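I would like the entire structure built from these sequences, with the hints used as guidance.
Protein sequences appear in the order of chains A and B. Each residue of the first sequence is one higher than the one before, starting from 0 at the first, in numbering that gives the first Met the number 0. Each residue of the second sequence is one higher than the one before, starting from 0 at the first, in numbering that gives the first Met the number 0.
Fair warning: there could be bad hints in the mix.
[What the hints assert, rightly or not] Think about it this way: if two alpha-carbon atoms lie no more than 27 Å apart in a straight line, the pair counts; the simulated DSSO-like pairs of lysine-lysine are:
1. A:K46 / B:K1
2. B:K90 / A:K46
3. B:K100 / A:K46
4. B:K102 / A:K95
5. B:K100 / A:K95
6. A:K46 / B:K29
7. B:K125 / B:K41
8. B:K125 / B:K37
9. A:K95 / B:K29
[What the hints assert, rightly or not] Here are some, though not all, of the chain B residues that point toward chain A, as calculated from beta-carbon distances under 7 Å:
10. I127
11. F130
12. Y135
Hints are computed from structural coordinates only; laboratory data are not their basis. Model, not experiment: these values are computed from the prediction. Cβ atoms here follow ideal geometry from the backbone N, Cα and C, with glycine treated the same way.
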Amino acid sequence: MMRFVLAALFALTAGLAQAEVAAVYDFDTREQEVRYQNLIAELRCPKCQNQNIADSNAPISQDMRNEVYEMMQAGASNEEIVDALVARFGEFVRYKPELDSRTFLLWATPAIAVFGGLLVVAGVVIRARRVERQAAGLSAEERARAEQILKGQDNTSDS
Amino acid sequence: MKRFLLFLPLLVALVLGVVLFAGIGKDPTKLESALIGKPVPKFTLADLHNPSATLDRSLFRGEISLLNVWGTWCPSCRDEHDDLMWLANDKGINIIGLNYKDKREDALVWLERLGDPYQTTIYDPKGILGFDLGVYGAPETFVIDAEGVVRYRHVGVVNPKVWEETLLPVIEEARGNS
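Written out as structure tokens, the structure is:
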């Protein structure tokens with residue numbers, strides 16, 4: 000009995016899962032489809048905040064996917080498509096923000112951090128070398144005295 | 000120099016603290032409109048009450064107006080409706096409605112039952128103008144100046160507090176400029 004109920008439940012919900020799939024678009028070539036998939040993967044849904052429009056089921060994402068498709072069919076370039084959506088929804092929809100004065104720090108922070116880290120490492124190494132050299136550095140006079148001491152002829156205490 | 004280096008972590012922590020503190024209390028779901036300072040996008044849509052009449056953006060010229068995006072499917076729109084009535088009737092604000100992704104019959108019943116705060120209502124069943132305006136969740140309310148330029152966009156319900164603290168200052172500034 001239980002098995003029958005489960006089977007019936009699965010049979011019923013299978014239809015639901017299928018109904019979730021949004022509009023399917025036809026492309027002339029495989030490259031176009033890949034281009035479309037790449038575009039919708041790097042555009043962000045304004046309603047759902049942390050999803051791209053490829054993953055999101057929000058009506059607004061459907062509208063945006065539709066716009067991407069329509070513009071592609073009309074021969075627009077990737078840049079034109081993204082710009083058209085940014086003009087409506089703002090920079091927020093870009094997962095890859097443009098490099099300009101406002102986003103400079105965003106892009107530059109990793110490079111600055113790596114460069115800063117290298118500086119620190121270089122500083123530590125240079126300082127360690129300097130200390131080493133100083134420790135090893137006896138003048139000729141000092142060396143001669145040290146040898147005398149080692150031979151047990153320390154003249155400072157004898158004379 | 001060495002002394003200064005000792006204070007470096009403290010300095011970094013302070014700067015980070017200031018930056019993070021500035022973010023506290025900001026609602027990340029409220030985005031600033033990309034259209035601020037730009038004219039209302041071109042559109043040709045029917046009047047909700049009069050299917051044969053077409054409306055375009057010249058509708059927004061001549062007077063400062065609020066453009067309220069709503070639909071009968073949107074519970075928060077019901078929530079703010081009484082406050083829109085108050086703004087239209089008591090404050091004499093010119094409110095233009097944008098009936099967004101809705102059915103005409105449902106919208107007309109809604110206005111019949113709850114009252115109509117809108118001078119004119121644009122009927123946008125496919126959400127064309129909504130899309131061009133960057134609407135991502137109703138209700139949204141735009142402040143549009145007498146030249147038809149978008150001044151501000153409020154996402155979420157309008158209530159007396161939002162009116163006093165947010166919308167009224169923008170409208171007053173727009174009045175001062177024009």
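Hints, verified against the model:
1. A:K46 / B:K1: violated (50 Å)
2. B:K90 / A:K46: Outside the cut-off at roughly 32 Å; violated.
3. B:K100 / A:K46: With Cα atoms ~16 Å apart, K100 (chain B) and K46 (chain A) stay inside 27 Å; holds.
4. B:K102 / A:K95: violated (37 Å)
5. B:K100 / A:K95: violated (30 Å)
6. A:K46 / B:K29: With a Cα-Cα distance of about 9 Å, the restraint between K46 (chain A) and K29 (chain B) holds, given a limit of 27 Å.
7. B:K125 / B:K41: It holds: about 15 Å lies between the C-alpha atoms, which stays within 27 Å.
8. B:K125 / B:K37: holds (23 Å)
9. A:K95 / B:K29: It holds: about 20 Å lies between the C-alpha atoms, which stays within 27 Å.
10. I127: violated (9 Å)
11. F130: holds (5 Å)
12. Y135: holds (4 Å)
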